[in-house]
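Novice: Single-letter residue listing:
2 protein chains.
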Amino acid sequence: MARTTGSDGEKTEAAVREAAAGLIARYGYEAMSMRQLAAEVGVQAAALYRYFPTKEDLLFTLMREHMEGLTAAWEMARPTTADPEARLAAYVRNHIAFHIERRHSTHVSNMELRSLSHDRLTRILRMRTAYEKELRAILRDGTEAGVFSIEDTGLTAMALIQMMTGVIVWFRPGERLSVAEVTTTYLSMTMRLVGAKIEGAAAAYSAARPFGRSAAGV
Amino acid sequence: MARTTGSDGEKTEAAVREAAAGLIARYGYEAMSMRQLAAEVGVQAAALYRYFPTKEDLLFTLMREHMEGLTAAWEMARPTTADPEARLAAYVRNHIAFHIERRHSTHVSNMELRSLSHDRLTRILRMRTAYEKELRAILRDGTEAGVFSIEDTGLTAMALIQMMTGVIVWFRPGERLSVAEVTTTYLSMTMRLVGAKIEGAAAAYSAARPFGRSAAGV
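Protein chains in written order, with numbering that gives the first Met the number 0: chain E, 0 to 217; chain X, 0 to 217.
There could be a bad hint or two in this list.
Stated by the list, open to error - Dumping the calculated SDA-like pairs for lysine to any residue here, alpha-carbon to alpha-carbon at most 20 angstroms: (1) E:K54 <-> E:D82; (2) X:K132 <-> E:E74; (3) E:K54 <-> X:K196; (4) E:K132 <-> X:W169; (5) E:K132 <-> E:E74; (6) E:K54 <-> E:L22; (7) E:K10 <-> E:T80; (8) X:K132 <-> E:K54; (9) X:K10 <-> X:R49; (10) X:K54 <-> E:E29; (11) X:K196 <-> X:T152; (12) E:K132 <-> X:R175.
Just so you know, these hints were derived from the structure itself, not from any lab.
Turn these sequences into a full structure, and let the hints guide you.
Specialist: Pasting the structure below:
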């Protein structure tokens, strides 16, 4: 379906996707009906099927676009340097920034894999694995270079991703901490978790931390 | 409702709770019907209402029992020592062991807060806060004693809990790693993340790690 950028059709489709992510995050995919979604967007149910012939097409689109967006963001953020600490810091910054801006689609992507058909689940998991592999490569390179000290690259990657994505559960903009402050603290935690040598990472990141945060936070 | 231990009624109620946790984990709370649940358990829908007058009573019971179980497990596991490292290690071990055994109810507890009424949500969040407060107290004591080095007690507690609970997302018994191996690696990561002094924690935990894990894992 070729569409002009910013056409009415494209705007409607974007509105559908946004409303769907919100409804699924609120009620769950299985409980959301296309009728309910149409009412939320303010269109006829039949109009939805023009964009998404089945409800699962819609779910798959949300998940695919989430992973494509995350992958594209990381391609942009990925530093050219081979330095594992700089690459890890970029990965953490990008991961937190991307997810904190997309609470609903993150929620959908993490929770509703159970409702995808086998083939589509495989496609999403493949994209996810490719993205996580980037983190594992950074961790492995850092370990081989002797700048990280970790036991298990796979477990460390999972632990970091779950710790970082978990920010969306409790973070609310405009409360005690800014995104920048949260990211700085998560960077420090990450660098310690991977056993980064103190001269390198930890010192650099603690210098970047706003004054007085340590005392205030504890 | 006083019931004899192991009575038929109690067994049915336990079967209902287990089946409900499984169905909610699979389809989401809003999508699960009491009729579907009754069929799963093999009783009449009317029988369910004897135990759980409303669907939300059932959801609340699942969440309350999850938190009561977690709190009770921690009361049992909590060491008498004041040593922050020993207390943190006990917290990590208990948290992982408890959740890994209860994938479905963990899933329900984390995902379905959105469907609780305001008062019940408040009650569950209060239990959760009390449990997390135990971790924050350990982190604060360790920081004050100079054995931990962290920026923000609250953020560190959230990061650790999300990292640990995240184990249920990928861990499957009988695969590459045992619960004991996973726990050992998570203990090492935790101790590094909180900046525990190397002489104490890290050395002790790395000694406890099975030989060859480091090389095999990386």
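Novice: All hints are to be evaluated individually against the structure, with a verdict given for each.
Specialist: Here is how each hint holds up against the structure:
1. E:K54 <-> E:D82: Given that 20 angstroms is the threshold and the Cα spacing comes to 44 angstroms, the pair is violated.
2. X:K132 <-> E:E74: Violated: K132 of chain X and E74 of chain E sit about 39 angstroms apart, past 20 angstroms.
3. E:K54 <-> X:K196: 53 angstroms, violated
4. E:K132 <-> X:W169: 15 angstroms, holds
5. E:K132 <-> E:E74: 13 angstroms, holds
6. E:K54 <-> E:L22: Holds. K54 of chain E to L22 of chain E sits at ~13 angstroms (cutoff 20 angstroms).
7. E:K10 <-> E:T80: 39 angstroms, violated
8. X:K132 <-> E:K54: 42 angstroms, violated
9. X:K10 <-> X:R49: The given pair, whose Cα atoms are some 13 angstroms apart, holds under the 20 angstroms limit.
10. X:K54 <-> E:E29: 17 angstroms, holds
11. X:K196 <-> X:T152: 17 angstroms, holds
12. E:K132 <-> X:R175: 18 angstroms, holds
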